[in-house]
Amino acid sequence: MQYHTPDSFEDAVAIANAATGTTRFLAGGTDVLVQLRADIVTPDDLIDIKHIAGTHDITHNADGSWTIGVAVTGAEMSEHPTLKNDWPGLVEAMDLVGSTQIQGRATLVGNLCNGSPAADSVPAMIAINASIDITNATDTGTATRQVAAADIHTGPGKTSLTKGDVISAVNIPAVQPNSGDAYLRFIPRTEMDIAVVGVAVNLTLEGDTITAAKVVLGAVAPSYVTVTDAANALIGSTLDEAALDALATAASAACNPIDDKRGTIEFRTQVSGVLAKRAAVIAYARAKGANT
Amino acid sequence: MSMIHVNTTVNGDEVDFVCDPRETLLDVLRDRLSLTGAKEGCGTGDCGACSVTVDDRLVCSCLMLGAEAEGKSIATIEGMATTEALDPLQVKFIEYAALQCGICTPGILIATRALLAKNPDPTEEEVRYWLAGNLCRCTGYDKIIRAVLDTAKDLRADAGEAR
Ligand SMILES: Cc1cc2nc3c(=O)[nH]c(=O)nc-3n(C[C@H](O)[C@H](O)[C@H](O)COP(=O)(O)OP(=O)(O)OC[C@H]3O[C@@H](n4cnc5c(N)ncnc54)[C@H](O)[C@@H]3O)c2cc1C
Ligand code: FES
Ligand code: FES
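Chains X and W, in that order, are what the protein sequence lines are. Residue 100 in our numbering is what sits at position 3 of the first sequence, and the numbering runs on without skipping anything. Residue 165 in our numbering is what sits at position 160 of the second sequence, and the numbering runs on without skipping anything.
Chain X extracted, bound-state conformation:
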């Protein structure tokens, strides 16, 4: 295994494109090292992106949007003084990843690129329309393209990234007035477990009425599911009982889960509806200005 520490994305791309064997990037290493130790994946080339300038920065841009560097850890997101005011659901989702020790290392991009369909931050990123900057070589040098976070994960262990693709930033849009996001997951214990169901909700109000909504499920299908019917159940409502019930029905209907010892198909399907309701209630309260 060759360990590389490029100091620019251009160099990282060049190393990745020159590599002929198994290549991994090293962000927090909380997936890469587990796989290395278990002899599941021993990369021929391991490219540590943490020496690249800017990768540790959380930037609030002039237009209100945020740029999160690819080496920013969960702990750094939680400690940021204002990020969670804008996007509490995103920050709480990332904060659920692992223990204090894991939080000290784990990143959003690692969570996304590991390819698990149960990664906690991914539904939250998709629900708030996050996008991902991908840098790769072109005929004339390197170029960066922007891809929706929703279009990265394609199936268990699979992403749409191709050879030489290096994620160079996570873009989080400016928060709209009267908006709120929330993420909830079910696990059989209170900490340190992988989601059996994860639900992210992001919604915008005009007065008491929901005018825009996005509902995203994790861990209940081979990939993340953006449930349009669930969003439609919310839009135009004031989150009354009927809307909540329609939301739950739509969320459950969108599930195509696995059956295992941690959750049966029936359980995951029902819990998706229950959690979607609870997440919607939290997101609604946040859109109303609640500091929860």
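Some hints could be false.
[What the hints assert, rightly or not] Straight-line C-alpha distance at most 25 Å; calculated PhoX-like pairs for lysine-lysine:
#1 K147/X with K181/X
#2 K147/X with K77/W
#3 K181/X with K385/X
#4 K77/W with K181/X
#5 K148/W with K77/W
#6 K255/X with K181/X
Bear in mind the hints are in silico, worked out from the structure with no lab data behind them. As the structure is a prediction and not an experimental result, all values here were calculated from the model.
Please arrange chain W with the ligands on chain X, whose structure you already have, making use of the hints.
Below, chain W with the ligands without anything else, positioned relative to chain X:
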């Protein structure tokens, strides 16, 4: 296999070592630097027995490469007591019998010191969540939690007197 030469700081001392790129920081601490206080309970980030701080950030040394230590400042359990005295947390852990076999203890002490540096007045719930990644198969946790809360109380009282 090309070896990597790494310069780092461990418990305030500058050290350098040579390691295989696949070696973890835990391997390096234990097998190359003879600092065997950090334990390998699982090697997969689940148990926290290998906890150290890197630039004051609590991490599992089993989930970091030795090569990543270049230029960093690492603190392990070996640096906790001075030659004169145990750390107040260590004193309380003995007083409360917050350890039995002791395998988890170095990790738990390093983790709780990091907690108290960040939050001198944690609630019981905050201590329990902070330590969710530190497993103990002996004590049932209760004595650990009480030792931490009592240490925090003493340290706050000391800080008050010093003022
Ligand atoms: C004890 C433990 C508990 C955990 N609990 C949870 C949990 O509760 N919820 C959860 O969702 N996950 C959990 N995880 C999994 C893991 O911590 C997360 O997926 C984490 O976010 C991974 O981030 P990382 O920075 O450590 O990734 P790494 O291990 O560094 O990388 C992971 C993958 O991302 C790729 N990658 C990294 N950076 C880039 C880049 N810039 N461009 C392209 N590809 C890149 C790597 O090639 C690799 O394939 C847990 C892991 C452990 C060990
Ligand atoms: S040995 Fe590192 S967490 Fe168990
Ligand atoms: S004292 Fe034995 S594992 Fe904690």
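Which hints, by number, does the structure contradict?
4, 5, 6
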